[in-house]
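Engineer: With these hints in hand, go ahead and build the complete structure from the sequences.
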Amino acid sequence: MLDLSVDEWMAVRLSLRVAVWATAASLPFAVVVALALARGRFWGRSLLNGFVHLPLIMPPVVTGYLLLLLLGRRGLVGAWLADVLGIVFAFRWTGAALAAAVMGFPLMVRAIRLSIEAVDRRLEQAAGTLGAAPAWVFLTVTLPLIVPGIVAGMILGFAKAMGEFGATITFVSNIPGETQTLPSAIYALTQVPGGDAAALRLTAISIAISMAALLASEWLARGAGRRLGVA
Amino acid sequence: MTIEVDVTHRLGAFVLDARFACAGGLTALFGRSGSGKTSLVDLVAGLIRPERGRVVVDGRVLVDTARGIFVPAHRRRVGYVFQEGRLFPHLTVRQNLLYGRWFTPSGERRGALGPVVDLLGIGPLLQRRPDRLSGGEKQRVAIGRALLASPRLLLMDEPLAALDAERKAEILPYIERLRDAAGVPIVYVSHAVAEVVRLATSVVLLSDGRVVASGGTAEIMGRPELFGLTGRADAGAVLDAVVEAHDPVFGLATLRTPAGPLVVPGAGLPPGGPVRVRIRARDVMLATRRPEAISALNVLDGSGDAVGEADGPTVDVRIGCRGATLVARVTRRSVAALALAPGVPVFAVVKSVAFDRPGAAD
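So the protein sequences, as listed, match chains P and E. For what it's worth, this note's numbering labels the leading residue of the first sequence as 1, then goes sequentially. For what it's worth, this note's numbering labels the leading residue of the second sequence as 1, then goes sequentially.
Hints are computed from structural coordinates only; laboratory data are not their basis. Hints may contain errors.
Pulled a few chain E residues facing chain P out of the computed Cβ check, cut under 8 angstroms [to be verified]:
1. F20
2. L47
3. F82
4. Y99
5. A161
These stretches of chain E come out as covered by chain P in the derived footprint (C-beta under 8 angstroms, 3 or more residues) [claimed, not checked]:
6. 74–81
7. 86–95
8. 111–125
9. 285–299
It should be emphasised that the depicted structure is a prediction, and the values quoted were computed from it without experimental measurement. No residue lacks a Cβ here, since even glycine has one placed at the ideal position from N, Cα and C.
Structural biologist: Rendered as structure tokens:
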């Protein structure tokens, strides 16, 4: 059954690459935005909150189309990026990663923000009285305490990236070997006669990867919980 | 070593407007719940920024609103033992203890892990996580953690309040050792008379955000006009004493006090050691002739000093006994019957069993 063709293998590898990059690259931003939303007292906080959540509530196709308008080869930002920095997103795997990252971002931020809000700030005060400057307090107290939330956010982001379809296909199309991730490959296979067997194979692989990610997150969260003395 | 605090700060409808100074030893910030004690130590620690005022520790200006000085908490080198411990749940006891050391410049590190662990008796706990500790153990670790950051001043905010009587009794000796051995001045917040009487070198009495009185522990806790604030039911004279002799047959000890010798229960008291005794006003009986054939072992001679304001049927009478002042709570009828007045010679009778075990706080 797992006798995959070259194209199918390519879709699996590409999907993993896109999801890993989307998760890893958006994580630092997600932590910063979650911190700002959980702790920040600034004008426009609700606006930022709404903006971050947009990809979650808009139709994915709309998100993809906006990305195309902004970052396409002739887009507002895309043209500048291509001309000045030589960075191109449109119709590349990097574009697929970007679309996946944008779609998964609100999920990551939500999970991390919840864990930051659950941190007992009195522990941070205690660290301050022991001589730790705010940056050290964050690194040695806050960050270790929100690891379970970060893990949960990463898994959600990863799963979203693995399954992202609408924004990806709108933004970077469905090019085998470049932008054809697992969902686009499955979709393409269901559109041609005799593609059912291949579609089923890829479906099985999708399920396997999702389950593996879920189990990994449970295992990581248990480890973190043990360290925190809550498990 | 001196600490000067003079601050005004508004917290909602509550106004903290306090000024006090203290030297080394253990200074108790004493007052009822809601009198502003915790806010005051938070101000000294740098957890609250006062609207107006000055905080100076050992000549170092930590806060001076007039000059725009506010040293953030992490640069103050002021240790803080919180009521609820606040140990880091993700670190072992050992890592908790060494946390502050990390941020202390190596030239200013005082007290190594070993001696502090011995002082607090926490050696067997080092590898544990905070969730595997009892309440008393947590507080001892919290004290050790604050000490190992080599603070110039140690703040303790009701560190025993969340503990039962047994755990309190377990920790008190460690705090005494800390006061006598560690050489770090301590500001100790409490609303428990027994703790203050046992531990404090000096007392700052707070009420409604203001300092009502400050001075030596025996002086402040024994002043009848402050009984309303120091706790009327258990109020009385506080005497600094030295253990002079033991009577092992009857399990008694004789104390040398400024008011004369006192016989108290206490076979275990260290001979020659200093202790502090509290003689509750309600435990003192007065006589104008020396009573004979009574069971009470302590009869101190003195003379009437002042008769206080009546509180219903009772009145607090101050008795001058040599160099000390005792307080007796008697009925107004007795005052009239014995014609008690300033200058009248009286005998103060105190049952030995009326004493708390000296050195023990309930």
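Engineer: For which of the previously enumerated hints does the structure constitute a violation, in increasing order of number?
Structural biologist: 1, 5, 8, 9
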